[in-house]
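Q: Got chain A sorted already, so can you dock chain B onto it with the hints?
There are 2 protein chains.
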Amino acid sequence: MENFIFQNPTKLVFGKGQIARLSELIPAGVHLMITYGGGSVTKNGVYEQVQDALKGRQYVEFWGIEPNPHVETLRKAIELGKEKNIDFLLAVGGGSVLDGTKLVAAGICSDTDAWDIVLSGYAQKQIPFASVMTVPATGSEMNGGAVITRRETDEKYAFGGDYPQFSILDPEVTYSLSKHQIACGLVDAYTHVLEQYLTTPGQSRIMDRWAEGILLSVKEISLKIIENQHNYDLMADYMLAATLALNDFIRMGITQDWTTHMIGHELTALHGLTHGHTLAIVMPGTMRVLKEQKKAKLLQYGERIFNITEGSENERIEKAIDATETFFRSLGLTTRLSENGIGDETIETIAKRFNDRGVAFGENQNVTGDVAREILVSRK
Amino acid sequence: MENFIFQNPTKLVFGKGQIARLSELIPAGVHLMITYGGGSVTKNGVYEQVQDALKGRQYVEFWGIEPNPHVETLRKAIELGKEKNIDFLLAVGGGSVLDGTKLVAAGICSDTDAWDIVLSGYAQKQIPFASVMTVPATGSEMNGGAVITRRETDEKYAFGGDYPQFSILDPEVTYSLSKHQIACGLVDAYTHVLEQYLTTPGQSRIMDRWAEGILLSVKEISLKIIENQHNYDLMADYMLAATLALNDFIRMGITQDWTTHMIGHELTALHGLTHGHTLAIVMPGTMRVLKEQKKAKLLQYGERIFNITEGSENERIEKAIDATETFFRSLGLTTRLSENGIGDETIETIAKRFNDRGVAFGENQNVTGDVAREILVSRK
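So the protein lines, in turn, are chains A and B. By our numbering, the letter at position 220 of the first sequence is numbered 220, and the numbering carries on one by one without gaps. By our numbering, the letter at position 340 of the second sequence is numbered 340, and the numbering carries on one by one without gaps.
With the rest of the complex left out, here is chain A:
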């Protein structure tokens, strides 16, 4: 096991009716700004619950943080926040609203341009922020990361920083999500785990087991949720899975990959595909192209998640990869670039971007632009 430091201070407030606790959770006397997305919260009752919980308190609202939040939009929120002396932010929405809010939290107390903060990779200072999370997917509600898009150049980058002070997760707010949102959320959670799991086995027995525990749970609940998304216990399992998939709990002392995310971000930046959907497309390619270095873990994955124990090592690995793709498709998602009108031009653009930046990803830092091309070609 590698040395590690773990600390996750976020207060998770989970369950039915918990939005009503907002007033006790937000410190008295702060200058509060609430950030929202496009308005779905006005249709599912969440906006009303937030208003009721904060009756009698003063706050500013900022609307319109879009999916894959644009730095161009967030600069406006930063400007408003500075103008109103905001010192506490509450994001009400999905992972994109919260990710955008994390950048606003940094921008409000900085003179640096928001995109430069993103490019620096880490926000040195942020005002406190919290969330009411409405879309289980990104895990942003309990981690220090955020991903921001620059529309002007179709670029999408991640940066790190503080954790939310608290996040309220009420599974009932997920009842109104679209089937596509849920499918993408389930794939996002599942793939977050794979990024931290599909490296080499035995670095930590418990981290292996915990990752597998989330994978098995997500696999088990997925088809039931697609059938009936009004089952509280299923949606609670889904919501908790998304949080635990990316809150540092399953990456203590182990190496990580993140190749699939890096390539997926490019597909979103260039074609606007939903994040989780890009992961469903790319992940089988990452598994296949890197199967030599990931061999032992892929065998363990196949056996423990899909009960694949028959055949040669290569056959078992191929079965595990096919089972993964079949699982993603069973949620109603396409898993091939050609099914989404994406061809060689995009593949070359992504390969060139990685090669030009001189970056390489993955647990062995060997996924260059050329390897990314190979992965994408295998997903045509």
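In case anyone wonders, no lab produced these hints; they're calculated from the structure. Predicted, not measured: the structure shown is a model, and the values here were computed from it. The reader is advised that the hints may include incorrect statements.
A pair counts as met if it fits within one copy or between any two copies, since identical chains are not told apart.
[Stated by the list, open to error] Below, in silico cross-link-like pairs of lysine-lysine (BS3-like), each with a Cα-Cα straight-line distance of 27 Å or less:
id, residue 1, residue 2
1, Lys295, Lys219
2, Lys125, Lys11
3, Lys291, Lys82
4, Lys295, Lys224
5, Lys55, Lys43
A: Structure of chain B alone, referenced to chain A:
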């Protein structure tokens, strides 16, 4: 899933050589007192590492916090702490040193007698404290609980409060533990999980899987550790298992039992048995006497941990209970009261204590003194 609030702010600093970070982790300018046990740290190199890390800093030392820390000893530490205006405590030792230090942290900033703080169940205020943990067992390094003994009356009670600011866990410090300490630590971790797991299944799929992940890991490493306790990766798995077994991570939204601990505490208070050892004695009895209400979970436990799938439900449950006792015995521990010279008198004392207090334990709050008697009688 039940509603829950989760927050665990402890910084976990894990790995080889991490004790050297002490000076950066303890805030500058604090009035520091370091608390120790009986002196084993002077033999295993930990004391020297702490001294080296804190070279040039001023601090007070308090020695002699014993296993199952006595309030009588801790009152002396509180007195010293008040006299020296201590405002930061560092516990260096096992779970008992840290548990005792948690009470000292409360006593230093209170006029209430230390035992009354314990009896109140919760420390309203504590000065900040941290730990260098040397014995993986109690999980105290990353939770808000502590268990204190009053020698005068042979009573042992738990109380809650703040979490450590940080805990340093270096698996190399466990190389010098005795085989009995390790066996008891492994059983302690394993049983902490069972207390949170053996209730009813399906309250949270992930919590079930994560609990099983620790149980499987502890089972897998145990016999290897007993053979060779100088294998870093094994000891790292063991140390992490003990922490994750009782740091709130596996009890989100679920009911809990704790019957075995309540009875075990009495055996320690009355006979001085090591805590983990008492759990090995009591747990099979809790399983057997409460097997009707725990039936579905015992079946799941048997199947997922011991691959028990053959036979009637009752046969499978009995096999799972026997497998648990066999596992504890394989670590070199006795599992019967008679093997430890404990007879009917103690059983009656414990039953009477619980009945007199009018308390009842367990996930259904139905373990009265009479049920405790039944459990103990089954362990004669």
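Q: Run every hint past the structure and note whether it holds.
A: Now the hints, each set against the structure:
Proximity of Lys295 and Lys219 under a CA criterion of 27 Å is satisfied in both settings, with 22 Å inside one chain copy and 26 Å between copies. In this assembly of identical chains, the alpha carbons of Lys125 and Lys11 lie at most 27 Å apart whether taken from the same copy (20 Å) or from different copies (20 Å). In this assembly of identical chains, Lys291 and Lys82 lie within 27 Å of each other by CA distance neither inside one copy nor across copies; the values are 50 Å within and 61 Å between. Taking the shortest alpha-carbon separations for Lys295 and Lys224, only the inter-copy value of 25 Å comes in at or below 27 Å, while the best intra-copy value is 31 Å.
In this assembly of identical chains, Lys55 and Lys43 lie within 27 Å of each other by CA distance solely inside one copy; the values are 19 Å within and 61 Å between copies.
Comparing the model with each earlier hint shows a violation of hint 3 alone; every other hint is respected.
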